[in-house]
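A.B. asks: One letter stands for each residue in the lines below.
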Amino acid sequence: MGRFEDAIADCDKAAAYTSDYVDEGSRIEFFKVGQMMASGDFRAAIVLLDNMAHKLNVSNNFKGRAFGINSAMAKLYL
Amino acid sequence: MKRNARLFSEARSWPNAQPYLSAWEANVEEAKARLFNARGQFREAEAAFGKAEVLYRNADVKFRSWPVAITRWSLWTDAYGDYGASFAGVAKASQGRLVEGEVDVRRALLGRLKSNGKYHVDTANMLGQFSYVLMEQGRFKEAVRSRHAGAQSLGGGAALRARRHELGR
Chain E
1 MGRFEDAIAD
11 CDKAAAYTSD
21 YVDEGSRIEF
31 FKVGQMMASG
41 DFRAAIVLLD
51 NMAHKLNVSN
61 NFKGRAFGIN
71 SAMAKLYL
Chain V
1001 MKRNARLFSE
1011 ARSWPNAQPY
1021 LSAWEANVEE
1031 AKARLFNARG
1041 QFREAEAAFG
1051 KAEVLYRNAD
1061 VKFRSWPVAI
1071 TRWSLWTDAY
1081 GDYGASFAGV
1091 AKASQGRLVE
1101 GEVDVRRALL
1111 GRLKSNGKYH
1121 VDTANMLGQF
1131 SYVLMEQGRF
1141 KEAVRSRHAG
1151 AQSLGGGAAL
1161 RARRHELGR
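Top to bottom, those sequences are chains E and V.
All letters in the first sequence, in the order written, are residues 1 to 78 by this note's numbering.
All letters in the second sequence, in the order written, are residues 1001 to 1169 by this note's numbering.
Bound-form chain E, shown alone:
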């Protein structure tokens, strides 16, 4: 319905309820990135992806999660 601001606020609310960042919080944030991209908020989406990469420590753990993060970043930079 195009209510991206509401969707983003709901993502924040949902993320606040989870205690598992790897399996839940980061996935909610990835969904939030999609909403930010759709609404044209590219810079904030890049910052969020960068934070996700740090929190997940994708260089050492959860390396597979880096693919989606890097790919989304490439799209956003372009």
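Since the hints were derived computationally from the structure, they do not count as laboratory data.
Values in this document were obtained by computation on a predicted structure and should not be read as measured data.
All residues carry an ideal CB built from backbone N, CA and C; glycine is no exception.
Hints are supplied without guarantee of correctness; some may be wrong.
Straight-line Cα separation of at most 27 Å, DSSO-like style, residue types lysine-lysine; simulated pairs [claimed, not checked]:
1. V:1002 <-> E:63
2. E:75 <-> V:1002
3. V:1051 <-> V:1062
4. E:63 <-> V:1062
5. V:1114 <-> E:75
Covered, in the sense of this in silico footprint (three residues per stretch, anywhere, with C-beta under 8 Å from a C-beta of chain E), are these stretches of chain V [claimed, not checked]:
6. 1018 to 1030
7. 1100 to 1112
8. 1138 to 1148
Since the structure of chain E is already known, use the hints to place chain V on it.
C.D. replies: Same frame as chain E, now just chain V:
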């Protein structure tokens, strides 16, 4: 993009990576394709988008056959497969292969309509690309209709007004 390409070469040897390999390789190809496209290398972009589509569709099939924690990712791969087809179509149209491009974009549009229905941002995006391939063929009335349909598929809301304006341009 380079980070992903490097990572993928080592990912093949990771334990438990098998269900995800197609999706990861699709990520690599899609990023390559977008870069080619931005540089105006449409032939290379077409090939990479085409490969990404095949890989996303393959990942979609694989994900559905794995436990529920993995199956849920088919929601994304299904949409990304359609985006791959649509962008490949636009890349073909950019090389003057307009009818071939229209076929790809139309297929992607139908895919999104089937999965999400008319009122969804993905459908609006596909209609925008469909409008482009029609316009390139000089089918201006149909292109305008497609643009309007894209704008209609987006609901109300302040954030959407700018997007609607962009699609209606």
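A.B. asks: Could you run down the list of hints and mark each one as holding or not?
C.D. replies: We went through each hint and held it up to the structure:
no. : hint              : result
1   : V:1002 <-> E:63   : 15 Å, holds
2   : E:75 <-> V:1002   : 13 Å, holds
3   : V:1051 <-> V:1062 : 16 Å, holds
4   : E:63 <-> V:1062   : 20 Å, holds
5   : V:1114 <-> E:75   : 25 Å, holds
6   : 1018 to 1030      : holds (count 6)
7   : 1100 to 1112      : violated (count 0)
8   : 1138 to 1148      : violated (count 0)
When the structure is compared with the earlier hints, violations turn up for hints 7, 8 and for no others.
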